[in-house]
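Q: Residues per chain are reported as follows:
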Amino acid sequence: MQVSQSVETRPAAGEDERVAKTSTLHRLLVRPEMGALAGAIGVWIFFAIVAGDRGFLSPRGTANYLEVAAQLGILAVAVALLMIGGEFDLSIGSTIGACGIIFALLSVEYGWNIWLAMLMSLAFALLLGIFNGYLVLRTSLPSFIVTLGTLLMIRGVTVGVTRQVTGRTVVSGLDDVPGYDAIRTVFASDVTIAGAGFSIAILWWLAIAALATWVLLRTPFGNWIFGVGGNQQAARNVGVPISLVKIVLFMGTAVAAWLVAVIQVLGARSADVVRGTGSEFTAIIAAVIGGVLLTGGYGSAIGAVFGALIFGMVRQGIVFMGVDPGWEDAVLGAMLVIAVLVNRYIRTQAMGGRR
Amino acid sequence: MSAAAIDTGTPLLEVQNVSRFFGSVIALKDISMSVHAGEVMCLLGDNGAGKSTLIKIFAGVHPPSEGRYLVEGKEVQFGSPRDALAAGIATVYQDLAMIPLMSISRNFFLGSEPSSGWGPFRRFDVDAADRISRDELSKMGIHVRDTGQAVGTLSGGERQSVAIARAVYFGAKVLILDEPTAALGVKEAGVVLRYIAQARARGLGVVFITHNVHHAYPIADRFTILNRGRSYGTFAKSETSREEVVRMMAGGEELEELGLELEEFARADAASGARLSPVAAEADAAILRAGRELEADRLPTSDSVS
Ligand SMILES: Nc1ncnc2c1ncn2[C@@H]1O[C@H](COP(=O)(O)OP(=O)(O)OP(=O)(O)O)[C@@H](O)[C@H]1O
Ligand SMILES: [Mg+2]
Chain A
1 MQVSQSVETR PAAGEDERVA KTSTLHRLLV RPEMGALAGA IGVWIFFAIV
51 AGDRGFLSPR GTANYLEVAA QLGILAVAVA LLMIGGEFDL SIGSTIGACG
101 IIFALLSVEY GWNIWLAMLM SLAFALLLGI FNGYLVLRTS LPSFIVTLGT
151 LLMIRGVTVG VTRQVTGRTV VSGLDDVPGY DAIRTVFASD VTIAGAGFSI
201 AILWWLAIAA LATWVLLRTP FGNWIFGVGG NQQAARNVGV PISLVKIVLF
251 MGTAVAAWLV AVIQVLGARS ADVVRGTGSE FTAIIAAVIG GVLLTGGYGS
301 AIGAVFGALI FGMVRQGIVF MGVDPGWEDA VLGAMLVIAV LVNRYIRTQA
351 MGGRR
Chain B
1001 MSAAAIDTGT PLLEVQNVSR FFGSVIALKD ISMSVHAGEV MCLLGDNGAG
1051 KSTLIKIFAG VHPPSEGRYL VEGKEVQFGS PRDALAAGIA TVYQDLAMIP
1101 LMSISRNFFL GSEPSSGWGP FRRFDVDAAD RISRDELSKM GIHVRDTGQA
1151 VGTLSGGERQ SVAIARAVYF GAKVLILDEP TAALGVKEAG VVLRYIAQAR
1201 ARGLGVVFIT HNVHHAYPIA DRFTILNRGR SYGTFAKSET SREEVVRMMA
1251 GGEELEELGL ELEEFARADA ASGARLSPVA AEADAAILRA GRELEADRLP
1301 TSDSVS
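Each protein sequence line maps, in turn, to chains A and B. The opening position of the first sequence corresponds to residue 1 in my numbering, with each subsequent residue numbered one higher. The opening position of the second sequence corresponds to residue 1001 in my numbering, with each subsequent residue numbered one higher.
A few of these clues could be false.
Just some of the chain A residues that point at chain B, by a computed CB distance under 10 Å [unchecked claim]:
1. Trp214
2. Arg218
3. Gly227
4. Arg236
Restraint ranges, calculated between C-beta atoms of paired labels, are given here [said to hold, decoys possible]:
5. B:Ser1116 with A:Ala210: 15 to 23 Å
6. B:Asp1127 with A:Glu109: 51 to 59 Å
7. A:Thr295 with B:Asn1212: 31 to 39 Å
8. B:Asp1083 with A:Ala210: 36 to 44 Å
9. A:Thr139 with B:Gly1009: 31 to 39 Å
10. A:Glu109 with B:Ser1116: 43 to 51 Å
11. B:Asn1212 with A:Tyr134: 42 to 50 Å
12. B:Asp1127 with A:Tyr134: 33 to 41 Å
13. A:Arg344 with B:Ala1183: 20 to 28 Å
14. A:Tyr134 with B:Gly1023: 42 to 50 Å
I should point out that these hints are in silico values taken from the structure, not numbers from a laboratory. Glycine is no exception: its CB is placed at the ideal position from the N, C-alpha and C atoms.
Generate coordinates for the entire structure from the input sequences, incorporating the hints supplied.
A: In structure tokens, the structure reads:
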């Protein structure tokens, strides 16, 4: 008894000078999404000034960039979670095309019930996510390379099969399939506000972002995501099921790609094998602009929402400005570099200025 | 109370004539050692002596090639680190104890989050995590203002200490520390040694690996000295001097000369240190003081044993 008392009452060496004082402001500034929020406000103000009188500020203009942001945002949120978990998924670029084609082929060419065809394409996405995750875990190769492989494989097979069945690379006529109107209401309708049609995809985007934020910050699984991305070996040592976490995250990106495919196919009434090309990179860019570290272990879903919003505003804002759309890439590229620099600074601050 | 268990009753953890081979490499041969509740067993040895291999056997990373491994008197065969963890054997590795970008409370509960609800709706009780981690750390004498701060903002010693507090909280009976003080400065090492003493006071058995006799001697109750995969045996502190331990670590009787040489170095170091850097000298004095306090703490213990 004597022993434990004498030990416990003794204060630890140097307990005070080691604890950094953190003000509320400082804590707010080191949130991963702060840079993207500031960026989004800045971009909005910029286009409000240079293109405000050309429709950027109108309800229609707003609906316009929000729709672009929504589709990218659905992907970016899922990609952000995966990147926080320390992995990349490039295969989403061709998963969008493949899911769209499966959905359209089954319902248009093979006469499946449209809901069943949609569920079938979802099943494909889920299996693909499991496959990607399994392959990455099994080979311990960088997921960047592994999913680059699946990106190419899926696109190749999609083009091959679609040509074989239809002789073309586009499947159209979805609006003639029974039940089209009902399913379109859920995934691709517009909600009229102030005379402008706002895409329902915006609701999907916000709902997914809210869900992802809740999972990340308020569930054990979210804690595992940070742990796995921060240091896989350390997380394994304390009993985090690494494989489960990674496979679920890969399933998440595949399902996000599937949802975007369904939204696009129903909106366009046709599926095209090249749909989604390039979105594997735009989603990563949006996530990074949103404060996700390329090295994993740090970031937020809300940041990815702002990242996608910046993307949407730049893309449509440049159209409103009436300058050549080529400028879009220049602006986004510059924003990406700035974002990486800001992220590095925020990370240093979050670590208390060390390193 | 817990200290009375030393050398009486069943050891918490024991290996009998354990060997471990990697192909033709004999990493360990015929090692026997045990740890009791409320005792610090120091595992000493030079580079490549087999210390890490032995604790990996304890931790369930490697199965022993030969010999018996007993936990609380029952023979065990661990298939993975998770099995060892479930049996109350927690291992804190030097570099892999904590995740720098995650907050203290998130790190503390990583893998064992307090939650409410069921299935996919299981909620991570963040408030409970903050409260419990703060309380547990202050019980160990670690005071943090904000459990939301990133672990990367803590010093190396504090990180080790948080990992130790976590293992204690999650009901570890045996705490295995692989060179927790290796990369630390003198003061920092002192901080970690204090928490090892705390863990012992709470009745845990501790296996503490180090190269550094000056870290080992103040805190240890017994020493097991490994050399090139073999054991020189286990010694109680009361029957060995610091110098003898140094000599055995350095390679045994035949290397006595080296031991003397090392002492020369140590003396020369201390002299030049005092001349060149008053700060370092002060730190040295601090750890000596901490060491003496820790040894003093053990005195009532030996009284209670006799
Ligand atoms: N997985 C392995 N395969 C082959 N040989 C191994 C393996 N692990 C350890 N060894 C060998 O076993 C011996 C003991 O290594 P170990 O890491 O246990 O030493 P140590 O006492 O921890 O040394 P240090 O103080 O440098 O950490 C070394 O000769 C090492 O090369
Ligand atoms: Mg070692």
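Q: Look at each hint and say if it fits the structure.
A: Cross-check of the supplied hints:
1. A least Cβ separation of about 9 Å between tryptophan 214 of chain A and chain B falls short of the 10 Å threshold, and the interface hint therefore holds.
2. Interface restraint check: arginine 218 of chain A against chain B, minimum CB-CB distance 5 Å, threshold 10 Å, status holds.
3. Hint status for glycine 227 of chain A: holds, given a least beta-carbon distance of 5 Å to chain B, under 10 Å.
4. With 10 Å as the threshold, the beta carbon of arginine 236 of chain A comes within range of chain B, its nearest partner Cβ sitting at about 8 Å, so the hint holds.
5. The supplied range of 15 to 23 Å is met by serine 1116 of chain B and alanine 210 of chain A, whose beta-carbon atoms lie about 20 Å from each other.
6. As the Cβ distance of aspartate 1127 of chain B to glutamate 109 of chain A is approximately 55 Å, the hint placing it in 51 to 59 Å holds.
7. Taking 31 to 39 Å as the suggested C-beta distance range, the pair threonine 295 of chain A and asparagine 1212 of chain B conforms, at roughly 33 Å.
8. In this structure the hint that aspartate 1083 of chain B and alanine 210 of chain A lie 36 to 44 Å apart at CB holds, the actual value being about 39 Å.
9. Checked against the given bound of 31 to 39 Å, the beta carbons of threonine 139 of chain A and glycine 1009 of chain B, roughly 49 Å apart, lie outside it.
10. Between glutamate 109 of chain A and serine 1116 of chain B the beta carbon distance is about 49 Å. The supplied range of 43 to 51 Å therefore holds.
11. Evaluation of the 42 to 50 Å hint for asparagine 1212 of chain B and tyrosine 134 of chain A yields a pass: the beta carbon distance comes to about 45 Å.
12. Checked against the given bound of 33 to 41 Å, the beta carbons of aspartate 1127 of chain B and tyrosine 134 of chain A, roughly 37 Å apart, stay inside it.
13. Distance hint check for arginine 344 of chain A and alanine 1183 of chain B: the Cβ-Cβ separation is about 25 Å, which falls inside the suggested range of 20 to 28 Å.
14. Checked against the hint of 42 to 50 Å, the C-beta distance between tyrosine 134 of chain A and glycine 1023 of chain B comes to roughly 30 Å, which is inconsistent with it.
The structure does not agree with the numbered hints 9 and 14 stated previously, though it agrees with the rest.
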